[in-house]
Amino acid sequence: MPYLLSLLIFSPLAAVLLAGLLPSRKHQWFRMLALAVSIGQLLALIALFNSLSPNINLYYAEQVRWLNISLGTWGVLQANYLVAVDGLSLPLVALSVVVLLIAVISSWHEQKNVKGYFMLVLTLNGAIIGSFCALDMLLFYVFFEFMLIPMYFLIGIWGGARREYASVKFLLYTLFGSILILIVFIGLYLGVGVVQFGQILHSFSVLDWQDAHHHMAGSWLTSSETYGGFTLKAWAFLFLLVGFGIKLPTVPFHTWLPDAHVEASTPISVILAALLLKVGGYGLARVVLPVFSAETIQFSGLVGGLGVVSIVYGGFNALASKDLKRLIAYSSVSHMGFVLLGLASGTTEGIAGAVYQMVSHGIITSMLFLIAGVLYDRTHDRLIDNYSGLATVMPRYTALIMIAFFAGMGLPGFSGFIAEVLVLLGGFNPLSLVPVWLPALAASGLLLAAGYFAWTIQRMLYGPFVTKGFAGTLTDLTSRERFMLVSLAILTLWLGILPQGLLSLINPFAEGLSRLLSDHLVP
Amino acid sequence: MQEAYSISEVKGGLAYLLPELTLTAGILLIIIAGIIWHNKSRLWEISITLFVITVLMAGFLTVYAWPQNSIRLFFGFIQQTDFAAYFKLLVLTGCALTAGMSRKKSVEHPAEYFTLVLSVALGSTLFITSNHALMFLLSLELISLPSYMLTALGRGKGGAEAGLKYFLFGSTVTAVMIFGWSLLYSATGTFDFTSSAFIDQLTQNAEPTAYLASALIIAGLLFKVSAVPFHLWAPDTYQAASAAIAAFFSTVPKLAGLAVLAKILLAFHLFGQSPVPFAAIVGVLSMASITLGNVGALRQKHAKRLMAYSSIAQAGFLLLALVPFDQSGLYALQFYSAVYLVMNFATFYVIGQFEHHQNVQTVEDFSGRAGASWALALVITTGLIALIGLPPTGGFMAKLFLFSSLWSSTSVSPTLRLVFLILGLLNTVVALFYYLKIPYYLFVKDRQDKPKSLPWELQGVLSVLLALALLVAFVLPGLLMGWINKTTFVL
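Chains A and B supply the protein sequences, listed in that same order. Counting from 1 along the first sequence, just add 2 to a position and that's the residue number in our numbering. Counting from 1 along the second sequence, just add 100 to a position and that's the residue number in our numbering.
Worth flagging that the hints you see were computed from the coordinates, not collected in a lab. Any given hint might turn out to be false.
Claimed, not checked - The list that follows gives simulated cross-link-like pairs (lysine-lysine, BS3-like), each with its CA atoms no further than 27 Å apart:
#	chain 1	residue 1	chain 2	residue 2
1	A	117	B	545
2	B	550	A	28
3	B	552	A	171
4	A	114	B	552
5	B	552	A	117
None of these values were measured; they are calculated from a predicted model.
Just chain A, same shape as in the assembly (with noise of 0.2 Å):
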């Protein structure tokens, strides 16, 4: 199955077109059309599971020319499609075939334009696939923006009721981000140079701007210069490091994750969260880490402070935080920090926790979304203090709150355990790049997240059942509900009770990643 990736981002744009033909009166076709997709990509990644080969890289690699366009006289730009999984990106391609599965059925009931609804859903789950896909970086960068405007539209047209505001915010954040790693981009496709043909190839794939041989003399990769105090090299990472870090978010830049994720309905609430924050992290580790190798070991403790800030502050925040999803937004900065952190750091431990950290809080936040939504399609309601002893009357929702909750808290046996531990434990290794404090830190963050979730168990669920006039509407869970919720929750044992086959995939890139980092270490 060679075309097994195209095959997985392009059906659901093939399926756009489709359903731009249909009558827009057929809700159930829509449904059914997108259902099918992501059931088919479903099945398209189990016959990819099975057939890979191990002690390869690249799994699944395609090359087909795109542009090929000499451009006066310093040489040809080249980009190729070109796509292939590795150890980084084939556990998130997984997840989002799994999220956006849940999040087709968890739209099932939406009414409002069902076929615009159903189009840029199947759009955004292309763009996603594809980006999490791609290794030539414009295209990886296409895929990028492609996400946008279908988000931008989601959030705008099906969010609730300060929607217009939270949509708009997402995308200038996003967008000013985008133009950060864009400039970046440009300028490493110029300087990075490949000699084929007595011609100078300038290209966009990431593999050709990671080999050092290939930083073109004289340009700006191999230049010393300094401005402002810092060279070239040391701009560009942080460009990408605040471009990609609005992206997932990390504190200083996350102010617009609250207000979408507010705003957003509960599938787009669970796409967001479980796989857009994803790209930053992706792209640091894909991007930042291996061609900025240097920087990465010189920013490494800035790096890893904002990570911790993330942790302690998100935690706070969400401590803090008056309405149910709300306090997930805030969870998820913090949930993201350990992923700066454990890329920080530098090792094989770290690295590897902060890929399983990308892949178990997709999970788990997809969890605690979908319970948010279950209160509030019932009540239209998230104040958390306007509830208290739903464990009387939502039995089952109960159960899984408590597994989503102990999950997000990082309890043993769930998948969040194992990937905050290995974050840990590479922060805590001697060969680490950032000092010792920062994760014991972040330790605490797990405290603050034991406190936050622990007492709004207490206030929602314990005590005697207040109505505050939706007494009869607290039905429990609905057998779609408990579907999408169950599989989640088996998902996140699974992971954390059987961790070593994820591991396997990972760590052959965290360990070459890790390598690639030591191997610019001064002795």
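Fit chain B to the known structure of chain A by using the hints.
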């Protein structure tokens, strides 16, 4: 620069002037038609047919007589190059698209209308190829005078006011340019601004008056391309004119002015020997255009006025392509110009249809009208996304080529280059804010009643084709860029 006067040279030159001669014939035929027929409906049909045939023929002849190398005609008055031919083709495409947008109901005097549009087209083609100050000024006036009339023609009191404003600005600018040329003539002794005599004189006997003169001439051209600080006429003019004429003004004279500006700047630049840092000056002007255009657009409520500010900002991006002063910058300019033509027309086509059928004027009037025509709503979204410069549109590729050529250039200091690059790209974020206003109102804002559907007509088909062209320019930019790469710029 003495050349022997010979009738045979004039005769030989005419063969290279076939597109321009066709346009002239078309103008005359439409004037005659206007004398013969008085029934408006009949006259409309006849003049638009003549117009389209003329433009298509001129386009065909431009391709047919594609100059392989640079040819100087009529004692250096005109220089046919493939760079000029490329821009001539863009101008003619713009005219054809304007005809497609024009409507019988909103054009009161068809013969006059099409005569004037064709005159601007003729002026533009001559302007692009002009090589001599006299030709330059004559063809410039051939663009300007019909433009003033087009603004006012049949547009009532507002149109007359805008036309007069445009006229006052424009004639002042012309006077200023004539003054500039006269100063240059006294400094160099020649009007042929690409001749070696001109360049040698400027290089060797550089006087302050020569710099003043070049500033005056560049100012006039900036007025034509509506770049800061000579942009003030654009918003009023666009708002008063019909959508078709606004689209026409924002593309045809602008692109013609740009092609000439490229040539004049390279002449003044004296192959890098000029003590005036032209690259930095153009860069600063371009940044000012982009920023002021974008900031101005933020507060606009009227759709065409918003597009006027957008065209000021886009003029800034087009100017940015002139900063590198090298071949790759000009390639980026050519690519950007073509994409700009298409994306601007795609947007204006949809604005024009909503304006005509549903009297949509302000951005808020677009509220919830996506249901009126999903196809058109998608077209305008594509056009605006392209103007922002986002994938998957040709606008992204155009900006990519533009910033690549800027980054790899050496005409300005690395710091300045970096500042231009970052400022230019950051402006995209501001641009996003106002460009997405129209799609935002179309899709996101609700309205009480269901909007009436727009009828399917030729305009609709053309706008879908334009949007598709933008997508193709993204997926296969090599089609256009490969062709552009074959052209060479000769001074």
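Item to check | Hints violated by the structure (listed by number, smallest first) | outcome: 3
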